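Novice: Chains as they are written, first to last, in the working numbering: chain U, 44 to 427; chain Z, 44 to 427; chain B, 44 to 427; chain E, 44 to 427.
Hints in this document: simulated from the structure, not taken from any laboratory.
Be a bit skeptical, because a hint or two may be false.
No distinction is drawn between identical chains; accordingly, a pair holds when it is met within one copy or between any pair of copies.
The list that follows gives simulated cross-link-like pairs (lysine to aspartate or glutamate, EDC-like), each with its CA atoms no further than 16 Å apart [stated by the list, open to error]:
{"hint": "1", "residue 1": "Lys372", "residue 2": "Asp278"}
{"hint": "2", "residue 1": "Lys427", "residue 2": "Asp278"}
{"hint": "3", "residue 1": "Lys288", "residue 2": "Glu260"}
{"hint": "4", "residue 1": "Lys98", "residue 2": "Glu155"}
{"hint": "5", "residue 1": "Lys372", "residue 2": "Glu274"}
{"hint": "6", "residue 1": "Lys248", "residue 2": "Asp150"}
{"hint": "7", "residue 1": "Lys271", "residue 2": "Asp110"}
Computed from a predicted structure; not experimentally measured.
4 protein chains.
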Amino acid sequence: MTEVNSNYQLIRNQSIRICSFLSIEDHISQPVMYVSPPKWQLGHTTWFFEQFVLKDGMDNYKLFDPDFAFIFNSYYNFIGERVVRYRRGNVTRPSVEKVHEYREYVDKFMAEFLISPNAHAFKEVIALGLNHEQQHQELLVTDIKYILGANPLWPVYDVNSHYEEVYNTSDGLVSIDEGVYEIGYNGTGFCFDNEMGRHKVYLPKYTLQNRLVTNGEYLEFVKSGAYKQFEWWFDDAWTWINNEKINSPLHWHSIDNEWYHFTLAGLKKIDTEALLCHVSYYEACAFAEWKGMRLPTEAEWELASGMLDWGKRWEWTNSAYLPYPGYLKAEGAVGEYNGKFMVNQMVLKGSSTATPEGHGRSTYRNFFHTNMRWQYSGIRLALK
Amino acid sequence: MTEVNSNYQLIRNQSIRICSFLSIEDHISQPVMYVSPPKWQLGHTTWFFEQFVLKDGMDNYKLFDPDFAFIFNSYYNFIGERVVRYRRGNVTRPSVEKVHEYREYVDKFMAEFLISPNAHAFKEVIALGLNHEQQHQELLVTDIKYILGANPLWPVYDVNSHYEEVYNTSDGLVSIDEGVYEIGYNGTGFCFDNEMGRHKVYLPKYTLQNRLVTNGEYLEFVKSGAYKQFEWWFDDAWTWINNEKINSPLHWHSIDNEWYHFTLAGLKKIDTEALLCHVSYYEACAFAEWKGMRLPTEAEWELASGMLDWGKRWEWTNSAYLPYPGYLKAEGAVGEYNGKFMVNQMVLKGSSTATPEGHGRSTYRNFFHTNMRWQYSGIRLALK
Amino acid sequence: MTEVNSNYQLIRNQSIRICSFLSIEDHISQPVMYVSPPKWQLGHTTWFFEQFVLKDGMDNYKLFDPDFAFIFNSYYNFIGERVVRYRRGNVTRPSVEKVHEYREYVDKFMAEFLISPNAHAFKEVIALGLNHEQQHQELLVTDIKYILGANPLWPVYDVNSHYEEVYNTSDGLVSIDEGVYEIGYNGTGFCFDNEMGRHKVYLPKYTLQNRLVTNGEYLEFVKSGAYKQFEWWFDDAWTWINNEKINSPLHWHSIDNEWYHFTLAGLKKIDTEALLCHVSYYEACAFAEWKGMRLPTEAEWELASGMLDWGKRWEWTNSAYLPYPGYLKAEGAVGEYNGKFMVNQMVLKGSSTATPEGHGRSTYRNFFHTNMRWQYSGIRLALK
Amino acid sequence: MTEVNSNYQLIRNQSIRICSFLSIEDHISQPVMYVSPPKWQLGHTTWFFEQFVLKDGMDNYKLFDPDFAFIFNSYYNFIGERVVRYRRGNVTRPSVEKVHEYREYVDKFMAEFLISPNAHAFKEVIALGLNHEQQHQELLVTDIKYILGANPLWPVYDVNSHYEEVYNTSDGLVSIDEGVYEIGYNGTGFCFDNEMGRHKVYLPKYTLQNRLVTNGEYLEFVKSGAYKQFEWWFDDAWTWINNEKINSPLHWHSIDNEWYHFTLAGLKKIDTEALLCHVSYYEACAFAEWKGMRLPTEAEWELASGMLDWGKRWEWTNSAYLPYPGYLKAEGAVGEYNGKFMVNQMVLKGSSTATPEGHGRSTYRNFFHTNMRWQYSGIRLALK
């Protein structure tokens, strides 16, 4: 498993690299419930390997600190009590430095373990751990953006940040004929359990735009007064924009009648050519309605994915996040990974600038509640 | 349109009949936001005909009272300002008697109108108005049950109520072969816009139980401690049962270690043979998980509907309430009827004991949020 | 006890008279937690006599209905479980008619009891019951005003209502010299336990206005923009007016740039000469600050009371509602009457147009939380 | 002003010393709204001198960073917009290090300023600034205790912390005869505006215990089941203990049927001889009621203060925090210091182990809302 070994170090190092732009103080903040402090994520992804690999697989492995299971368990009720989610920001100790020691400790033992005979039996859970870490790398980026964006001084994360402006490189339409097709994962590499099993779907003829919606297009929607006009919005969405006083995508700010947005490279004027991001499903649907178009379904997207310019924004689909036919939850704690979230959420397809290299797939099923928008989530339109 | 005319009176009278078991005081209560006071519903269904038929269609029609448009508009933002939903219970005046006068006034003019030459042009909106009234008749029954069930004295609505205990009359399994099928409405009678357009779906081979879950089966689930075991529940559901202290279906009460339920005929011991009702989607899914089974999808249910014993409980499906391919909202206020609710809800199929005679159809798409359970909602299981 | 007997009937009848202007529907509404449905109050005041007099004092007395103790107990934890306060509006049954029967039943037995030899031993609790009923008569008026005022149609309670406009009949200042004085009740008639014991206080020389603030004076405060200027407000008050979007006294409405207020005789233009009412302690203090004046203390008010024009508005004082030196709670349930509210509230002195004849006293201690304003509460100013 | 100068450095250094036991991460946390992050307090106390002294008094003074006025203004609405209180924990930047630089920058200029001719004119506001800093030193200690106490690992702040266990050194009773006395500040040194003006009060004869309540005495109250018995509690208190699930003082934990409390030196068994602390006014009153005693009033305490063993816990009094007769708010922003909090709070007298040396006075008026208990607040009893 030498390849996994080198992969392991590469992936683990990337989490450290993302946080290397942070001050110690930035690691602790939890401005809203769904944003986790970066320190917690550094610990939590490490705990995954300790809990699910080393503790079971390595003889005489000694836990770095028995308290860490309590502190860094995210939601695996199977494992026992845990710090409730909205309290993660209160846990100022262990220190960031201690969490780095924890990572080094676990990584050292994992390096040993990966070349040991036991490793093979843990191949799948190790792959899951690495993909889990990559998911948190994306969350680290978006959580950090939320944390710094909540600071009234709008501090810069990295002046050279490449997470922000991206552009369409294609245009035109992509059409697929009516037919019975297959979707879902059928490769031999890693996939999450929610991508299985591969199954047939019937699709009518459909047509997708081969480009994503730009800031400029969305700005027209904003300027048209659409956030004050009930007719574009779901009933739940109308309640949401009124209760939360929503009037533009997340991180957008109107200053002296000019629209700016907070980016990881600081506050910038809206670039009208760049791809829109940080919109909720509600906003994606309202915009589509306003345009006289619609969102693609998950199956439509997946089947056309080979012909599409992915654009590097997560794309809201009009498909609910539900189990595929024949979906089976894994046994035990790992079974809590995906299944228990298959309600009240919508699927996003594609990937974003914050998605780690090699982590995406056309069968990937990302999912969020309909009002969430701190990811790099954008819009592709389909013809009605 | 003589047939419509007699239909009109029959349907309108049924709302009065349902409320005839109520005291004046019962007409006013709104114990939770989603339950509307019966008085409000009597006025609102009447307002529909005044607003969408008489006001536009009848020459020289004089509104019964101009204020009523404000009081009895439910959610049609198109029509103008309205009493916000959670405040309906505060509106003690107009009196119940006045609302009855309003009904008589509108019905008298509708009787005239239905035999006038103008009627034909309004045929569709009249049919919608009558189906709307029937939907409210079902809500009247379940809202009344909620209102009386919230009273610590558990008063009787009607000692002969036929809304409660119903039983399975079939058993065994129904299987359908793999294939591309069509679902959605294609008849010539009335249907709601959300049932169109008829479209193809691919279905794998599947098998449904030809019976609904009974109280006795669900009681085992309750007694097994399932409401205290996270592993059966979605993450959102686990939050819900803990925050709301849910430990059984709505209207169930444990008294001296015996399970009772509130019915419209008063408090009764649970009948273990009768069909379960008043469960949420969360509970339906948790129960299915516990049984090692699953809920049917909407398409599976609809295709098999001819072979199924419907059981007279609304049946939760595992399908999100989303628009059918090619769905088009109607223009204007009537377009607010269904489309704006197509998010965050799941479809229920079938009908219930509270569904008016002739109102159900196999293509009917009922829908509620995942934690709602004051309807007569039950469970049919499918094999995994 | 013939005098008590006739008093009893007079006082009891007055509750009925107040409610005689209501529809059945009006009796049920509870638009906010602190407003009790009139039906509940009719039952609750009756339950007081049944619970504390007849049940203990009359041989062979049979409860009208054992459930009523549960339904109509307000807050006497000593007596057992009760309907939580915010749920009173849900209890549509027993009917208003049944509650009237309950009143007649209890009154009949009370009439017998009052001329029986046992009556003397219950003299004090009967007096408490009658004063309790009078307190609820004032609450009935203000609760009814809140209920009808929450109706967007602003219905009329009584076109001849005398509860509304009242005017100053005096002017000028009243000064009292420095000295040690006595306050608190020392008469031989009825008083509440919180008015005892009479005790000495030192007062510096002080000067009160012999008039209350008028609507016109307060309107200037409103028009000056004071509700948008933090400098007049306590920190808690500033939070309150911002969270609740308060911009004027309760029941005031700005319509087409003209100020109106809802009265029991319907919506009317503000009468600038009439005495201000429906302001909170927060508003009273902010107004005094704006005027460069202050509120009187309870002791200042009470000592000067003989020289003051009371004005028929409850007057906020700058005294916290705390026990007088030597205050002793009564034993048992009756001890819950006043003592447990002696925190977080401020004292009001005087009386209002809604106070029953003969119920007021200069030693009377009315009290409400600092943000409450549905009583007829106004302002008298003192010189700084 | 050499004396002030040395005082200035001594006091300023003490804030740094208190925070020297913290990790960087500890400086950022705000686990509840009323606890401010230590970093914020280090900045805020510094901002006071920059804003109210250097900016106005020193020629050519250049602000350290113009953004800091926004970040570190606590509540002075006069000064302009500010970070709302519950968001202070989100502000991860400026860094702790930067705030230390800010302190050094301001202190350097203050050192210059204090020996300049202008200093005299700012004497009072400088004294206010230093007393303000001392108040924050006490808050720093109690906020840090809250922050670390909210960490499930209960980390140690300082193993030698002297803030915790203190003991009675006297016993017996102190009685004062009836009379007219004077309270309020009349010295020549610093006092807060709320301690003025000195004024007469009449007091009846009264008797106070010359000792504070111990943990052991309060433990009996806890063990008696008092937190489950409504009769000891105010109505508001009963709601509070039920909603918040309060069953003991703050920082107390029942572990395996043994009572522990979190201290700044870590988790320890309750020392039954030590003085009780971390109780709310609600708990102090309930305990007094249970004992058949009462709390002293502010005036009673102040007059007897020379004869009392202060005990080093803040002592809840039964006096509301209201302005003294003739109280005048200062002009401008400094006028927001005390006056706007004179509502809904109760006075505490004495001082605590966390009160800086020399900061206390018998006329000092500390104040908190009735449910607050994160200060070292305890109980002295008076005879009824």
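Novice: Compare the structure with each hint and give your call.
Specialist: Evaluated hints:
In this assembly of identical chains, the alpha carbons of Lys372 and Asp278 lie at most 16 Å apart only when taken from different copies (14 Å versus 33 Å within one copy). In the homo-oligomer, the alpha carbons of Lys427 and Asp278 never lie at most 16 Å apart, since the shortest distance is 21 Å inside one protomer and 34 Å across protomers. When the C-alpha separation of Lys288 and Glu260 is checked against a cutoff of 16 Å, the pair qualifies neither within a copy, at 22 Å, nor between copies, at 36 Å. Proximity of Lys98 to Glu155 under the C-alpha cut-off of 16 Å is restricted to the intra-copy arrangement: shortest distance 14 Å within a copy versus 61 Å between copies.
Only between protomers do Lys372 and Glu274 lie at most 16 Å apart by alpha-carbon distance; the minimum there is 11 Å, versus 40 Å within a single protomer. For the homomeric pair Lys248 and Asp150, neither the shortest alpha-carbon distance inside one copy (50 Å) nor that between copies (47 Å) is at most 16 Å. Taking the shortest Cα distances, Lys271 and Asp110 never come within 16 Å of each other, neither inside one copy (50 Å) nor across copies (25 Å).
Checked against the numbered hints listed earlier, the structure breaks hints 2, 3, 6, 7; every other hint is satisfied.
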